Structures are given as structure tokens and as C-alpha cells.
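Model the full assembly from the supplied sequences, consistent with the hints where possible.
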Amino acid sequence: MGLITEKLPKMMAGMPGSDIIFTRMDAVINWARANSLWPLTFGTSCCAIEMMMAPGASRHDLARFGAEVARPSPRQADMLILAGTIVKRMAPRLRTLYEQMPEPRYVIATGACTISGGPFIYHSYSTVRGADTIIPVDVYVPGCPPRPEGLLYGLLTLQKMIRSGETVREPGIRHKPVTSETPEGITIEDIKSEMLALLEKDAVVDVRKAAEQMERPTGI
Amino acid sequence: MESEELFQYIASLEAAARPSEKPSDLPTIEVPPEHFLSLMQQLREDPRLYFNMLQVHTAVDWVKKGIFELLYQLYSTKDRQSLRVLVELPRENPVIASVCSIWRIAEWQEREVYDFFGVLYEGHPDLRRLFLEDDWKGFPMRKDYEDDFMLEPGQ
Ligand code: SF4
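Order-wise, the sequence lines are chains A and B. Everything in the first sequence is counted per the numbering used here, starting at 1 for the first residue and increasing by one. Everything in the second sequence is counted per the numbering used here, starting at 1 for the first residue and increasing by one.
These are calculated hints, taken from the structure and not from any lab test. None of these values were measured; they are calculated from a predicted model. Some hints here could point you the wrong way.
What the hints assert, rightly or not - Not the full set, but computed from the structure, chain B residues with beta-carbon under 8 Å of chain A:
{"#": "1", "residue": "Glu133"}
{"#": "2", "residue": "Asp135"}
{"#": "3", "residue": "Pro140"}
{"#": "4", "residue": "Tyr145"}
{"#": "5", "residue": "Asp148"}
{"#": "6", "residue": "Phe149"}
{"#": "7", "residue": "Met150"}
{"#": "8", "residue": "Leu151"}
{"#": "9", "residue": "Pro153"}
Every residue, glycine too, gets a C-beta built ideally from N, C-alpha and C.
Here it is as C-alpha cells:
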């Protein structure tokens with residue numbers, strides 16, 4: 001892999017047709033990466049129980065998506081599921097674990113605690129307010145704790161991101177999933193009224209007109 | 001032993017110990033700090049009591065009353081008997097005798113209480129912080145603790 005992902009792009013840069021080859025290669029490499037994510041066994045509090053439910057228990061079974069091989073060593077893992085409150089004392093250790101993981105590495109933050117500090121945001125002397133102040137996060141899964149389905153959906157989002165994302169030409173540069181942010185100058189009311197109009201347009205059918213437009217079956 | 005019998009027996013050993021009025025699920029006694037160590041020694045060594053296990057040690061900060069209430073929960077593996085011992089300390093000068101020499105496990109439990117409440121233990125072999133960084137200022141489980149990192153709602 002090192003040869004393909006590191007040496008080859010430099011050797012082939014500028015060759016005629018190399019773009020097509022790279023695009024094909026990216027598709028294969030990203031497909032492989034997306035379907036064999038190895039999570040690091042890392043859980044710091046209650047969300048960790050849900051995290052254990054998702055890959056470990058038979059009902060939810062993360063193995064269906066190729067991400068069940070939880071590794072106790074960061075050097076063998078490429079996905080970090082942040083499950084649980086991160087405290088100040090833990091923060092430097094978390095950073096170390098992240099840096100020990102080989103590239104490309106992906107981070108899913110599950111639960112309110114890792115997203116923002118969650119229930120401990122006020123009056124807490126110890127809780128870090130958001131794990132993304134320590135390490136870069138790829139996918140956020142909200143909830144307190146998120147249901148295992150939520151975590152599965154987060155994993156699928158990550159896979160989608162990996163498949164559409166990185167190219168061997170620019171390692172480390174990724175396309176992020178677009179956040180559902182309201183564009184400037186548009187209010188929630190506009191969106192609501194537009195959706196209502198769309199709904200009416202799609203849901204109201206003029207039966208007579210439709211019948212007239214329909215082709216008459218012949219031979220009856 | 002029934003709790004009444006237990007209280008009477010403990011009172012015969014150490015007159016200063018009296019049953020607690022506070023609502024509790026376990027037999028509870030209160031003792032003033034000056035009689036604390038000798039009482040604990042007897043609870044451990046008396047053949048009829050034989051509390052050989054210190055299950056829990058923690059503190060409660062009653063900031064309005066100006067006291068720390070120390071809680072020791074003992075257990076006898078021989079009789080399957082539990083006992084809770086409460087000691088009240090003044091908040092300004094929280095010093096109490098260490099029970100490390102009686103139960104070895106008290107060493108870490110006392111370090112934890114020191115870490116979070118700042119209670120000082122006389123005779124503790126190694127009274128350092130346990131959970132927080134060594135250079136931490138203050139004792140965060142005290143109700144009046146504040147630092148720059150903490151947020152108030154609305155901030
Ligand atoms: S988000 Fe909720 S469930 Fe998850 S670690 Fe925080 S408090 Fe626990």
C-alpha cells in the first residue's frame with residue numbers, strides 16, 4: 001500500500017493518462033478503506049456502553065459494515081470512536097493515542113459530551129468542552145447516549161465520506177459531508193412555505209385531468 | 001447483631017460514640033474527632049465486632065453549617081455486618097487522624113478525599129493528590145470552589 005499510495009503518485013505525476021488511472025485507483029482504495037475500518041477500543045464513560053453494544057452485541061453487529069475488529073492498540077486501528085466524557089486529565093492521552101494511529105485515520109464523536117461537553121458544560125472543573133478542541137473530528141453523532149442505530153448511521157456516513165473523499169494525490173485532504181446549514185438571507189419560514197407548496201404540488205392530483213392525459217388502452 | 005445491641009456494645013467500648021439520628025439504611029454512629037482513632041482501632045480489633053474491611057470513605061461538604069462530614073463504611077466479612085461511622089470536622093481546619101495503620105486500603109481513599117475536599121490526615125504516609133494533576137490549585141468538590149475554566153449558565 002505504501003508503494004501505491006506514496007511513491008506512485010509522485011512517479012506518475014504529469015504522465016499522459018495518469019489522471020484516469022488515479023481516479024480508478026482512488027475508487028478502489030477508498031472502497032477498501034471504507035469497508036475495513038478497525039476501531040480503537042476507547043471508551044471513557046456511559047456512551048462506551050452503547051459503543052460496546054454496537055460492534056460487540058449480536059443484535060446490532062457492526063461486522064455487517066466491516067468495522068468490528070476493535071483493536072486495543074492505536075497502531076493497528078484507523079478509526080477512533082470517541083465514546084464518553086473527555087476530561088482535562090484524559091485530553092493529552094487522547095491526543096497521544098490519536099497521533100499514534102496510522103494515516104489515514106478517522107474520528108467519530110458520539111454523544112453530547114464529546115461534541116460539546118454535554119450535560120457537564122456548566123459548573124464543571126474538569127470536562128473538556130468538545131473533543132474537537134483536541135483532535136479533528138470527522139463525524140458527529142448526537143444523543144445522550146446515541147442509540148446503536150445512531151452509531152451505525154454515523155459509521156455509514158463516515159464510509160460515504162471516505163468513498164467520496166480522499167485521493168492519493170493529496171493525502172490528508174478530505175471532502176467533508178455538507179452540513180445542513182441555512183444559507184444566508186433565507187429564513188426558516190421561507191423553507192417551510194416552500195416545502196408546503198411542494199407538498200401540495202406533489203400530493204394533489206387532478207384525477208380527471210390525469211385520466212384524460214392517460215393513454216387509453218387499446219383492444220378493450 | 002441487631003443494631004440496638006450493636007450500638008450498646010459499641011457504647012460500652014467507647015462512651016463518646018452515639019447512634020446517629022440521621023436517616024440511614026445502615027446502622028450509623030457518630031463520634032467526635034478526638035475519640036475517632038481509638039474507636040476505629042477497637043472496631044477493627046474487638047473479636048465480637050471484627051470490622052475487617054473499610055468499604056467506603058468519603059466526605060460531604062455542608063458549606064452552610066461550616067463542617068465536613070466524613071463517612072466511613074465498615075464491613076465485617078465474618079458476621080456480614082455493616083456499620084457507618086460519621087465524624088464532623090470544622091471546615092476551616094479539617095484535620096483528622098489517618099486510619100491507614102488499621103486498614104491499608106484507607107491510604108488511597110484518604111488521598112482521594114484529600115484531593116477533592118482538602119481534608120488533612122495526620123499520620124498518612126504519602127498524602128499526595130490522586131486524580132488531579134499535582135499542580136492543581138484548590139479542592140474542586142468543595143461547594144465554594146471556583147476557577148477560570150468553569151462556566152455559569154448564560155455565559
Ligand atoms: S453524552 Fe450522555 S451518555 Fe454519552 S458520555 Fe456524555 S453523559 Fe454519558
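Against the structure, the hints:
1. Glu133: This hint holds: Glu133/B lies near chain A, its Cβ roughly 7 Å from the closest one there, short of 8 Å.
2. Asp135: Violated, because the Cβ-Cβ distance from Asp135/B to chain A comes to roughly 12 Å (cut-off 8 Å).
3. Pro140: 4 Å, holds
4. Tyr145: With a closest approach of 7 Å, the Tyr145/B hint holds.
5. Asp148: With Cβ-Cβ at 10 Å, over 8 Å, it is violated.
6. Phe149: At about 6 Å, which falls below the 8 Å cut-off, the nearest Cβ of chain A leaves the hint on Phe149/B intact, so it holds.
7. Met150: This hint holds: Met150/B lies near chain A, its Cβ roughly 6 Å from the closest one there, short of 8 Å.
8. Leu151: 5 Å, holds
9. Pro153: With Cβ-Cβ at 5 Å, under 8 Å, it holds.
The structure shown violates the earlier hints numbered 2, 5.
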